[in-house]
Amino acid sequence: GAVVSQHPSWVICKSGTSVKIECRSLDFQATTMFWYRQFPKQSLMLMATSNEGSKATYEQGVEKDKFLINHASLTLSTLTVTSAHPEDSSFYICSASSGGLNTDTQYFGPGTRLTVL
Amino acid sequence: AQSVSQHNHHVILSEAASLELGCNYSYGGTVNLFWYVQYPGQHLQLLLKYFSGDPLVKGIKGFEAEFIKSKFSFNLRKPSVQWSDTAEYFCAVNALAYNTDKLIFGTGTRLQVFP
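So the protein lines, in turn, are chains A and B.
Per our numbering, the first sequence starts with residue 1, numbered consecutively.
Per our numbering, the second sequence starts with residue 118, numbered consecutively.
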């Protein structure tokens, strides 16, 4: 159980275009979803936390207008990288949590590798 | 601000050797603690977690971790590693007082096990 999927698994786009990444919880309802960014050989950096039906909470330094997050249902959250630039190239990972606050575990998706040319 | 330190960046072991990966965090209040593993080309998987109770936690694949509150540590151990344990290991902390499920990750430890 507790499977999280991401689509696409990899994407290449031109600079200036927008890219949407989907995160789905397949066998549970995710009240909270998280978006991370992972640079090569580095740790995961939390970008934002989204709760179903409400606005996402962004971490300091993350541009809200550039990284649009929507959590429209209990099984789906999307991250849209708007006007992508080469420096946005990275590995984007989502995770989902189903339980009560501070008592549950995050389950991670397989990640999406974004390359901006 | 909370932070998580993993001092071993790269560990190389032979099969059957014992493993201990260090994890220290900087937060004085109540925490939930996690170890995640990322096998090559795969997504993060939960190895084990500590929320409360017995500070010695047993996880999957023979791993265990001990929470030592006085040392702000949550070291991961395995008595005898296998080649298949080659992976990246991440320690993560959730500080309960911040009223959020947000996880702070350490920088990770790359483990290579040679046959």
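Note that these hints are calculated values from the structure, not bench results.
Some hints here could point you the wrong way.
[What the hints assert, rightly or not] Capping the alpha-carbon separation at 27 angstroms, the derived lysine-lysine pairs in DSSO-like fashion look like this:
#1 A:K20 - A:K41
#2 B:K219 - A:K55
#3 B:K166 - A:K64
#4 A:K41 - B:K166
#5 A:K41 - B:K219
[Said to hold, decoys possible] Sample of chain B residues with no beta-carbon within 10 angstroms of chain A, all distances over it, derived:
#6 S131
#7 E132
#8 A134
#9 E137
#10 G145
#11 S187
#12 F189
#13 R194
#14 P196
#15 A204
#16 G223
#17 V230
C-beta: ideal position from N, C-alpha, C; glycine also.
So, going through the hints one by one against the coordinates:
1. A:K20 - A:K41: Cα-Cα ~24 angstroms, so holds.
2. B:K219 - A:K55: Roughly 16 angstroms between the alpha carbons, so the hint for K219 (chain B) and K55 (chain A) holds.
3. B:K166 - A:K64: Violated: K166 (chain B) and K64 (chain A) sit about 31 angstroms apart, past 27 angstroms.
4. A:K41 - B:K166: holds (23 angstroms)
5. A:K41 - B:K219: Distance ~22 angstroms between K41 (chain A) and K219 (chain B) Cα, so the pair holds.
6. S131: With a cut-off of 10 angstroms, S131 (chain B) remains clear of chain A, as the shortest Cβ separation is near 23 angstroms.
7. E132: holds (24 angstroms)
8. A134: holds (23 angstroms)
9. E137: holds (20 angstroms)
10. G145: Given that every Cβ of chain A is farther than 10 angstroms from that of G145 (chain B), nearest at about 16 angstroms, it holds.
11. S187: holds (22 angstroms)
12. F189: Consistent with the label, F189 (chain B) stays out of reach of chain A, its closest Cβ about 18 angstroms off (over 10 angstroms).
13. R194: The assertion about R194 (chain B) holds, with a minimum of 20 angstroms to chain A.
14. P196: Per Cβ check, P196 (chain B) is outside 10 angstroms of chain A; nearest 25 angstroms; holds.
15. A204: Given a closest Cβ separation of 14 angstroms, the condition holds.
16. G223: For G223 (chain B), whose nearest Cβ neighbour in chain A is about 6 angstroms away, the distance does not exceed 10 angstroms, so it is violated.
17. V230: For V230 (chain B), whose nearest Cβ neighbour in chain A is about 19 angstroms away, the distance exceeds 10 angstroms, so it holds.
Checked against the numbered hints given earlier, the structure breaks hints 3 and 16 and satisfies all the rest.
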